[in-house]
Each structure stands twice: as C-alpha cells, then as structure tokens.
Amino acid sequence: MNQDELDRRQKRFNSIVLIILVLFFGRLVWFQIIAAPSINAESLKARLVEHNIEAVRGNIVDSEGHILATTAFSWDVNIDPVNVGPVVLTINDQKVSFTKEQISERIAGILRIPTESILSKMTGLGRYANLKKSVSASAYTKLKNLDIPWIYFDRKQSRHYADGAVAGNLIGFVGSDGSALAGIERMMNSCLAGSDGREIYEQGADLIKIPSSVQTITPVRDGSDVVLSINSDLQYAAQQEMAATVRRLKADWASAIVIEAKTGRILAAAEAPSVDPNKPGAVAEQNRHTRIFQSAFEPGSILKTIAATTAVDTGKATPLTQVVAPDSLRMPWGQYINDSEIHAPEKLTLTGVLSVSSNTGLVQIGAKVDSATRYEYMKKFGMGSRSGVNFEGESSGQLSNYKSWDRMTDKVVMFGQGVSVTPIQTAVMYQAIANKGVRLSPILVEGCRDRDGNMTRTSVDTPVRVITETSAAQTMDMLERVVETGPIGRTARIQGYRVAGKTGTAQIAEGRGYGRLHAISFVGIAPAENPQYIVAVTAYKSRTISNSLGATPGFVSVMKQVLKTYAIHPSSGKSNKLATNW
Amino acid sequence: MSVLRAIQPIRPIAPRRHLRPVSSVPSPIRRPQQAVSTRSAVVASTSKGLAKKVIFGLVSVVVLNLLINLLCNQSIYKISELKRESADLATQAQIVGQQVDSLRSPQNLANSARALGMIVSSNQVFLNVRDGKVLGTAIPATAGNANSVSSNLIANAAMISKSDPARFAQAKKAKLEIPAISSNSTSVIPAYPSSTKVVLPSAGIPASPTH
Numbered sequence: 116m117n118q119d120e121l122d123r124r125q126k127r128f129n130s131i132v133l134i135i136l137v138l139f140f141g142r143l144v145w146f147q148i149i150a151a152p153s154i155n156a157e158s159l160k161a162r163l164v165e166h167n168i169e170a171v172r173g174n175i176v177d178s179e180g181h182i183l184a185t186t187a188f189s190w191d192v193n194i195d196p197v198n199v200g201p202v203v204l205t206i207n208d209q210k211v212s213f214t215k216e217q218i219s220e221r222i223a224g225i226l227r228i229p230t231e232s233i234l235s236k237m238t239g240l241g242r243y244a245n246l247k248k249s250v251s252a253s254a255y256t257k258l259k260n261l262d263i264p265w266i267y268f269d270r271k272q273s274r275h276y277a278d279g280a281v282a283g284n285l286i287g288f289v290g291s292d293g294s295a296l297a298g299i300e301r302m303m304n305s306c307l308a309g310s311d312g313r314e315i316y317e318q319g320a321d322l323i324k325i326p327s328s329v330q331t332i333t334p335v336r337d338g339s340d341v342v343l344s345i346n347s348d349l350q351y352a353a354q355q356e357m358a359a360t361v362r363r364l365k366a367d368w369a370s371a372i373v374i375e376a377k378t379g380r381i382l383a384a385a386e387a388p389s390v391d392p393n394k395p396g397a398v399a400e401q402n403r404h405t406r407i408f409q410s411a412f413e414p415g416s417i418l419k420t421i422a423a424t425t426a427v428d429t430g431k432a433t434p435l436t437q438v439v440a441p442d443s444l445r446m447p448w449g450q451y452i453n454d455s456e457i458h459a460p461e462k463l464t465l466t467g468v469l470s471v472s473s474n475t476g477l478v479q480i481g482a483k484v485d486s487a488t489r490y491e492y493m494k495k496f497g498m499g500s501r502s503g504v505n506f507e508g509e510s511s512g513q514l515s516n517y518k519s520w521d522r523m524t525d526k527v528v529m530f531g532q533g534v535s536v537t538p539i540q541t542a543v544m545y546q547a548i549a550n551k552g553v554r555l556s557p558i559l560v561e562g563c564r565d566r567d568g569n570m571t572r573t574s575v576d577t578p579v580r581v582i583t584e585t586s587a588a589q590t591m592d593m594l595e596r597v598v599e600t601g602p603i604g605r606t607a608r609i610q611g612y613r614v615a616g617k618t619g620t621a622q623i624a625e626g627r628g629y630g631r632l633h634a635i636s637f638v639g640i641a642p643a644e645n646p647q648y649i650v651a652v653t654a655y656k657s658r659t660i661s662n663s664l665g666a667t668p669g670f671v672s673v674m675k676q677v678l679k680t681y682a683i684h685p686s687s688g689k690s691n692k693l694a695t696n697w
Numbered sequence: 096m097s098v099l100r101a102i103q104p105i106r107p108i109a110p111r112r113h114l115r116p117v118s119s120v121p122s123p124i125r126r127p128q129q130a131v132s133t134r135s136a137v138v139a140s141t142s143k144g145l146a147k148k149v150i151f152g153l154v155s156v157v158v159l160n161l162l163i164n165l166l167c168n169q170s171i172y173k174i175s176e177l178k179r180e181s182a183d184l185a186t187q188a189q190i191v192g193q194q195v196d197s198l199r200s201p202q203n204l205a206n207s208a209r210a211l212g213m214i215v216s217s218n219q220v221f222l223n224v225r226d227g228k229v230l231g232t233a234i235p236a237t238a239g240n241a242n243s244v245s246s247n248l249i250a251n252a253a254m255i256s257k258s259d260p261a262r263f264a265q266a267k268k269a270k271l272e273i274p275a276i277s278s279n280s281t282s283v284i285p286a287y288p289s290s291t292k293v294v295l296p297s298a299g300i301p302a303s304p305t306h
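Residue numbers (our numbering), protein chains in the order written: chain L, 116 to 697; chain H, 96 to 306.
Here chain H stands alone, though its shape is the one from the complex:
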C-alpha cells in the first residue's frame, strides 16, 4: 500500500508537461471516476484523518517509549549506584559492629574491670524491695578476702578494639552534679532543674547491653 502511494504523485506531473487539450478527448475512464467522486472523496478524507491519527498515535507511542526507556536507563544507573553505596555502608556497618562487639566482649570487659581495680564480690546479698528485707550476710571486702578480677585468659582473635586503660583516669575525674534539695522546700520530691548537668567520662568502658 505504501508503494502505491509513493508512485501516485508521478502521474499528474507527466501530462502537465505536454499541455495537450484534454477537453476534446473525453476520457471514458474519468467518467466513472467522476461518477464516484463524492463518495470516494468522503472515504479518502475519512481515511486521511484516520491515517493522521494512526501516524500521530504511532509517533506518540514511539516518543513515549523513548522517554520511558530514557527514564528507565537513568533509574538503572541510579539503582546500580545506590547498590554500590549500600554495599559500602554495609561494609562500614560491619566494621563498626565488630568494633562494638570487641569492646563489649567479656575479654575486654574483664581486662577493663581489672584495670579499674574492681574486685569480685565475696558473697552476694539480696535486698527485697517489697519488704526491705536483706537476704544473706553482707561482708565488706578487705585486703584479706577481696579477689581482684583476674585478667582475661580466654583467647579472642576477633577483638579488634580494646578499651584504653590509660583513659580510665578521666573516668575517675568525672563529676556528677546533683542539685541540693532546698531547705525551705515543702515538697519531699527534690526539685531537679531541667538542665541537670551530668558530666560523663568521655572515655572508659563503653556501655554495653547486658546479655
């Protein structure tokens, strides 16, 4: 169909060159053409409109497809970049996680406790908070009965970070400012100002979740 359309424009050009009077030679072929001219003109005009719409639709689809492809391609690269970033962050998380694991490992805690001069309680005593009853006999630690925490004897090749005992001195200097209860206060509840300043050691044994 497209081939025929391409050839059609050639026909009217060729006769025009010869300028022959065509009125004297009525073409028997043209008559039937004229006879159907009104109907075919309507059909042709309708077909043209339809063709235009189809072409416009096809072009729109192609353009839209191109746009979507373009966006998809951009997204693919974005996804790829984000995946790389995510992998890098996962690596960082692994490093930090392992440092935390090291600091809270029992090996590190035992060494830190020893460096702080902590001792093992010689016997445990319980206080029942409901009735205030003390269960067990409290024995104060003395030079004779106090066992200091033994330094760690259990190997741990995964311990990549250790607490620095040299910094424990800072912990000793740490001050906890507790506001005094006003003498003329009528309330038994101490009026702590909202800006209670707690000075914590900047280094020392890091807090670890109990497990």
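Bound-form chain L, shown alone:
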C-alpha cells in the first residue's frame, strides 16, 4: 500500500468521521435549537400543575371580638376498595396484623358508623368509596395515625360555631358545600366569602412542588370579618331566659331584644327555640329563621304608648288628661270596644289609662287626634317599613293607609289591632321614646373588617325626630308610673332601679277572627331617669298565662343582666308620681 493510497484512505476516514460529526451536530442543533421550544413546552406541560387556592371565609365576631363563627377544616374519609386488604399496625413496638374485618371495627369506632356499612363499601373494584363526610380533626388524626394504606382523606373548609346556638338564629348557617344559606352568613356573604386564587407550579415525578416555579395567576383574597353589635354573654343569658319562658308558658316561641337607647345598637336579639348552626337540621324548619325580624303580628296594648304620646305631642292631651273609662264603650255605629276585664267606670288620667291598659279610656283620648295625623306618627315611629337593619327576609309589618281604615279599625289601631309589627319594630318605637324622641336606625352589623383591621361601617338611615324632647320625657314619666302602679306593670320592677315600661296582650288573628291564645309582651326602659337600655320581651301563643304576667319575669331577668353587664349604678331620685286617677 503506497502513500497515496494511505492518504486517500485517511481522507475517506476523515470525511466519514466528519459526516458523522456533522450529523450529530445537526441533530444537536435540531434538539437544542429548532425543536427545543416544542420539547420544552411538552415537558413543562407534564410538570405544570394549575392549582386553585381556596379563600378562607371570614369570622363573625361579637362586639367584644369573641368569635361566633369561624372556618375550620374537616375531612372526608374515603377508601380505595380495590386495594383493601389486611393491615399491619405497630402497637407497643410490636407489629400486629389485622384482617380487614378487624380494622373495619376500629374505623367504625372512630367514625361512629356501623362496621357493616364499612365492610359493604370495601367490596368491588372501584378506586373510591366514601366512608364519612366532614369528620372532625380529632377523628381524622386518629385514623391517620393508623396509617392504613388504602384510606385517604380530602380536606375541606367547614364552619365552626363554638358557642352553638348562641345567636344561632341571627348568624344563620352554611350548607355542606359551604354555600351560605341563612342569616348573617348569607346576608353578609360578600364580606365573608373572599375570592379564590389560582397559581401554577412545576412538580416532580414524586409530586413534590418546586418552590421556585410557583407563579400566581390570581392572588387569593381571604374573606373579611363581620362585626356584630351583639354581646354574646348577654345574648346567652337572654336566650337561656327565653328558653325557660317557652317552657314555663308552653308558648310557641319567645324573643327578647336589647337595644342601646342612645346608639340604636342591638346588644342581644334572643329567641327560643333557637337553631344550632353546627347542626341546623336538628330543629324544625320554622325555628331556623329569625322571628325578631321576620315575624309580624298584631302587637296589642304595646301600641297604646304610641297613641298616648301622639296625643301629647300634638297637644291634644297631657299625661293628666282626664277620662272616664267604662269596661265597655259603645261606638256611635253600634259596635263595642271592651276592656280585658269587667269593671266599674274608672276615672283615669292618660297616665292611668296606660297603667291599667284601658282600651276604652285610650280610645276616647286618642280619638282627639285625627286619623291622618295618627297614621303619620305611626309611620314616623317606624311602622310599616323595615327596621333599617335590612335583615334578609325582614318583614315590614303591616300598616295600611288611614284612608282604608274602616270606622272600627280607626279606633282599634290605637291599641294594636288591625296593624302588625315585628319584635324589632316594637323595640325601636320605644328606643325613640327613650332617646328623647329621636328614632335611630337599629344596628346589628357594625361593619365588615378586613384582614388588615380596616373597618367598613354599615351605613345607617338618618335619625328621625318623631316627637319632641318634652313629649318624650312626659311619655317616660307615664311609662314609669305603669311599672310603679300598674297591676301587671309592677311585676316588672327591679330593686334599686327606676324602670319604665308597658305591657301588651294581643289577640292572635286566626282565619277571619281571633284565636284563643295570645301574644304577650313587655317592653321596658331603664334606668328611667337616664334611659339607656330597652328590653322588649314577647311570648307567642302562651298556654299557661294569657297576659303580660307571663312576660315580665323574662323582662326583669334580662334587664337585670343588662344592668349588671354594663355596670349601671342603681337609680337616684324618684319618679314624678303622675296621678293615675282623679
């Protein structure tokens, strides 16, 4: 082989190597440059995970910051039936094998469900069977510690109401899917809910999230807190009292409202039966609402105060205006207005009329004011319109225009028939009297407070001057005499304090007439010399006591608790001792 041949071979070899290298290089360029974007995209697609970040629902807190509703976590417990088998557990450092029947018993004990239901779900070739939904953190931890390979959990948000039914009817509740169904939960959902976020990140084959790869698409915004005006300790005490009242009176329901006279803040809105938002299904459907805002009924004698103060404010009467009140008064058109009991004609002042709650006496004095004016005053006191809280499903009660009143309605509206009001409307009317004649929009929700502590206060209606300050003071004097001298009113006395108030016993409309049972009530204000708190108690369809004697013990108990809670000193001074008779 000569040199030339060798050189040729050398060149050929070099060329082949060069071609191979060029091919490799070409392939390299193909992968690294030309096809790189699509390869990278495909790879990224396999690694990328888009994840929804659930916003945490805000809390509902009382006026003292005590949490009434919060968000906790619960777990759905699921099994993978196709992989179900014996389990080896470590007990006292020893490995113990359990058959699936034995382990089912353990699971049943933790979840408090029948073993049979677990065993029935273990059969089949499916990959999913739910054993129980929304189990507590405690049960979840116990199950997780068993380390059963074919059990897995789905964590989800759930609402936790630490005080149970305390303010339950106000707070409302959410469904199993977290949707707000009733009460503040629903009414203030836009404040509480927040908005979910979205992020994408890369994860490894072992499902580990690569931190540097996280990209936020939409930032999560957790829900804000709703701040209520309610004092939960007072609310509990009032609810206890109302529950006891319902038992004592065998009533359908009872309610107690506490309002701060000078601010309109609702400090307690208790009712019984009440709903525990943790378990709303445990009570009948009609007990899951808020009757204080949603139930309107004829108020009865509670409205006499409004007729009396209207007469005083219009100058048609004074607290000492005299009237002879028979037990039955014949109207010019032949119908009768009766008092609740038979009695000889009584010489009463307007104060006395309120003290003994005389229908016949009131009608005579009240009629001095024309219908249109009385109607206007009733409207100014808040009748016929919603309270201003605008609670969901709130009733505005019923107040038809005076032009549609017939001759009898024109008279009976003065003592609370032919119109209907909600318990909150009743309380607000007395708030106006206690607040020197100015009606305030009641406040239940103070506002919405975000996570940074910024509070957006709930807007309130403009205060309404209903009666003059003098008329309000005169009305307070009359109401104080109701408690000092009234046959039922005196049962609302509280030792050491001057109390003003009015009884109410209302017939309940049934069909075209009235039923046998009554709505009994008492609304009181204390201390009378410097009105600060209004407590309005109502018991609906009392079956043991048919007049306000059934309501005053509840009033006394709740008002005492109010005075204790807010450290109101015993009263000084005495009432004006207005004459009740002449």
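There may be inaccurate statements among the hints.
DSSO-like mimics (lysine-lysine), calculated; alpha carbons at most 30 Å apart, straight line [to be verified]: (1) K248/L to K271/L; (2) K689/L to K228/H; (3) K248/L to K178/H.
Chain H side only, calculated, beta carbon under 7 Å to chain L, not exhaustive [stated by the list, open to error]: (4) F151; (5) Q169; (6) I171; (7) S181; (8) I190; (9) D196; (10) P201; (11) A210; (12) G212; (13) L230; (14) G231; (15) S243; (16) V244; (17) S246; (18) L248; (19) A250.
Bear in mind the hints are in silico, worked out from the structure with no lab data behind them. In this text, a Cβ means the ideal position worked out from N, Cα and C, and glycines have one as well.
Here the structure of chain L is known, so what remains is to put chain H in place on it, guided by the hints.
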C-alpha cells in the same frame, strides 16, 4: 473547530512510520510555516491558556450548578416535609382550640356553675373604690330569694369537651396558704415570702378569658 482539532493528531503519526529523509526534500509549505512560527506559537500558547481557562470555568459552572441543584432538591424535600409537619400541627392546634372553646362556652360554664351550687345574685351592689361608697342595697342570698343558676338550655353540637363535675370536689379541697403577718413587724405591708405556695385545684372550671 473541535472536529479539526480531533483530526490534527493523526497527521504527524503517519509520516513517522516511513522514516523517509525529509531534509533532502525541503517542503515549500513548511517554510512559510516556519516563517510565522514565533508569532503563531505565541498565539497558540495564549489560545491554549484561554481555552484552559474557559474549560475550567465551564466545568466549574457545571459543578457549581450541580451542587446548587443538589442543595435545592434537598431543600425542596425539606420544605415539603416541613409543610406536612405544619399541617399536622395546625390540625393539632385546631383540636386543642376547639377543646378550649368547648370548655369556655357559656353552655359548659352554666352547667359547671350549677354543679358547683352557684346562685344568681338577686341584686347587684356597686362599691365606689374612690370614696368607698356603696351603691345599691346588698341583700344576702337566702333559701327564699336565691335562684340557682339554671342548667344550660341552649344547644351546642360543637361542645366536644365538658368540665367534669365529679372533679369539682378537688376544687373544694384546694388550699390557699396565706402567710400570717408577723406581730412584731413594723411595716404595714405583709411580708410575703417569695415562695408563697398556692395550691390550685388540678381540675375544675378552667380559667377562661372574659369576653
């Protein structure tokens, strides 16, 4: 460029096999090569040094990258483990928090107060600490006017823990040792020893923040 470098070493090997006298055949090609030999040698030596540095730099970058990746990977697993631990602790905190909520719930407190035989004060009396004036009339509780705390009537499905009334007996036995004031002491301030022993009940109503 790398291809050419790979081929270059082949050239000097092939002529050596034939051992031909090369001096008699002066290569016209070599002359110009020799003519530039000093300059190209300097350039080559500089290039070599640069190449070494570049290669060393690249290798260092690769090694450093590997090390950082290794550390990052370890951190990722550590983060993942810590997140799991944090979730477990959050679950524990939720359990304990709910137990505390249960114990301080008004329902539990009412039942505990009743079990302790507590009564509702019939009327409140205030003491003004500034002037020592008593506001209100104190009325002692008697069998006639004392209303015991009513047992709880308000439902609470979230009450997972309750105070155990059976343990309240221990609370009654609790002793608070208050040291006597020495009779010959000149100070009106009682000299409490630093080791004042307060025996508190081990069980009973747990202290709850007032709300």
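Quick rundown of the hints versus the structure:
no.	hint	result
1	K248/L to K271/L	10 Å, holds
2	K689/L to K228/H	20 Å, holds
3	K248/L to K178/H	24 Å, holds
4	F151	23 Å, violated
5	Q169	11 Å, violated
6	I171	6 Å, holds
7	S181	13 Å, violated
8	I190	5 Å, holds
9	D196	4 Å, holds
10	P201	4 Å, holds
11	A210	16 Å, violated
12	G212	18 Å, violated
13	L230	5 Å, holds
14	G231	4 Å, holds
15	S243	13 Å, violated
16	V244	9 Å, violated
17	S246	9 Å, violated
18	L248	4 Å, holds
19	A250	4 Å, holds
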